[in-house]
Amino acid sequence: MQTKINDNAKNININLVKTIYTQYALTLIVLAIAYGLLMLLVYQGIIDNYILRLMKEIGIFVIAALGLNLILGFTGQFTMGHAAFMSIGAYGSAIMTKNFNMPFPIALIVGVVLAAILSAIIGYPILRLKGDYLAICTLGFGEIVKVVIQNVDYLGGARGISAIPTKTSFAIVFFGAALCFAILKNLINSSKGRAIMSVREDEIAAEAMGINTTKYKMISFIIGSSMAGLAGGLYAHFNTFIDPASFNFAKSTELITYVVLGGMGSLSGTVLGTAILIYLPEGLRGLGTVMKDYRMLIYAIMLVLMMIFRPQGILGKREISIVSIKRFIKGIRNFSFKNILKRKKVGE
Amino acid sequence: MNTLLQQIVNGISLGSVYSLIAIGYTMVYGIIKLINFAHCDIYMVGAFAGYYAATVLGFGFIGCLLFSMIVCAVLGMTIERIAYKPLRNSPKVTLLITTVAMELVLQNLVKADFIAGPNTRTFPQVLPLVSYKIGAITISNLQLIALAVTIILCIVLQFIVNKTQTGRAMRATSYDRDAAALMGININKVISLTFALGSALAATAGVLVGMLYPRLEPAMGVMPGLKSFVAAVLGGIGVIPGAMFGGIVMGLIETLSKVYINSGLSDAIAFSILIIILLVKPTGIFGKSDNVKV
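Chains as they are written, first to last, in the numbering used here: chain R, 1 to 348; chain G, 349 to 642.
Be aware that a few hints might be false.
Unchecked claim - Under the rule of at most 16 angstroms between Cα atoms (straight-line distance), these lysine to aspartate or glutamate pairs were calculated in the EDC-like manner:
hint : chain 1 : residue 1 : chain 2 : residue 2
1    : R       : 130       : R       : 203
2    : G       : 629       : R       : 132
3    : R       : 98        : R       : 243
4    : G       : 459       : G       : 565
5    : G       : 381       : R       : 132
6    : G       : 636       : R       : 132
In short, the hints are calculated from the structure, not lab data.
Chain R with its partners taken away, still in its complex shape (with noise of 0.2 angstroms):
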């Protein structure tokens, strides 16, 4: 009887693991073919250097964009220091690949690395603050961070360093923000992810059920700075100019409005999010010459909008997948006005 409830068990086990690694082959069978598609299209001209420059831009600030969202959306944390830590993965792995001459895979590591460790250190005696006083504290943090760099000779002080190899390539952006927003998604969906959310909802109930929220805030503190960390070095490598200033308050600010926008506590919605605010500054450039001097204008005003009229973000708490797709294609096929009448009269 034993025996077969183990082999049962292992079944169900083998089961399991067969559908996730087929689900993980679909993904990245999907994703090279996104990838393929793209390329195509580059090729043939239809995207043009510039789209795909400010591609990559995307690319980059949605990596830092999704470990702000882990931090800000699923931690419920507040921190406006983010770009503090992609400033620290841009100097560190610059500084790898120009004044020690190392591969550009090692470079990211080390700017990875050094971004988590200083996040570990910061994070464990300020996470202990809530609300708005830790956003207070990291906003000093991300200052501090600016005024130091300035001020290190070795780090080019506020002059920045300049001439650094172009090494970022779209495929590395690509696929390096899919790697990142595949992390998040299994951990959000773990036990460890549950317990991070919990903290978001209820702090003290959470500390009641027994999950240890320091440990949890730290977890999710460290792999999102870590993400910004990534996000500096592409970044730093793309730009092939850093300053101190280009990491200030204000990218910080900008960070945290792509996950609001996009809708915190939705990775999908983050992606989307950072995607409509780069390129909209951009695409209003488009517009006839009267606007052109007036698009940053435009661009706040119809920020406020969108904040007033949507102020849970583009997808709220939900996210893009083929089940909402269906679901909503469905719901359109449905669409009459005597559904919504019903509805109002139930009471909905």
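Once you've looked at the hints, dock chain G against the given chain R.
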């Protein structure tokens, strides 16, 4: 010793300006628990309003001050009505992003060429500069005026908040908004008034800074804004005397660390002190801690 005294004088006059901005942050935070990042740009608009009052309208010092206070009070109220009021019950982060977006709107509006354009402007001399020498210390009349204006406004504000009916309504609202509404206080009016008062103080700071350091540009508010925000937190955010104290402390820290430690690192030192204070006493020096209820 003489440099120390001189720097203390400079620090207090700089700090008085920080206090004025910090009071706006702290009042808004006290009443709707919101960090209003657009506040530093209201300070910038205040400086520009003073500039236009002096150059185009030809006002004197008092005229400039009153003009920019009125402009900014109306601006602050309008921003609150249009952008923040619809979001009062949505998540905090959303509201915060709206304030950041509002900051962008104001900066780019001033940067647009039909208002001021992206170039720096020089604030006209509305008062002749006179320097007094007391022993080895030099004090300019502008520094004294800045300090005097700050002290007078702080006393007026304390009077409004502590002694008048409106002030009592403000305190009640900041204590418990729903209960205050049940007691018949018009919450929207009180919040509008808070924004108007805070913005008027920021406008004063803008004019005073325009006189002390006459360089105006659309992004001029960012760094002073950040520092006075730190000042507000330092004194205990939500507490008005705390903001005054924090502003002076920030001014002193900035000038003293510039002279005695390293001019480049003065910002880092200010922020490190902030983090240390928050870790030791998270609610700031004068702040009261509110217990978390389950």
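Going through the earlier hints one by one, which of them does the structure break, listed in rising order? none
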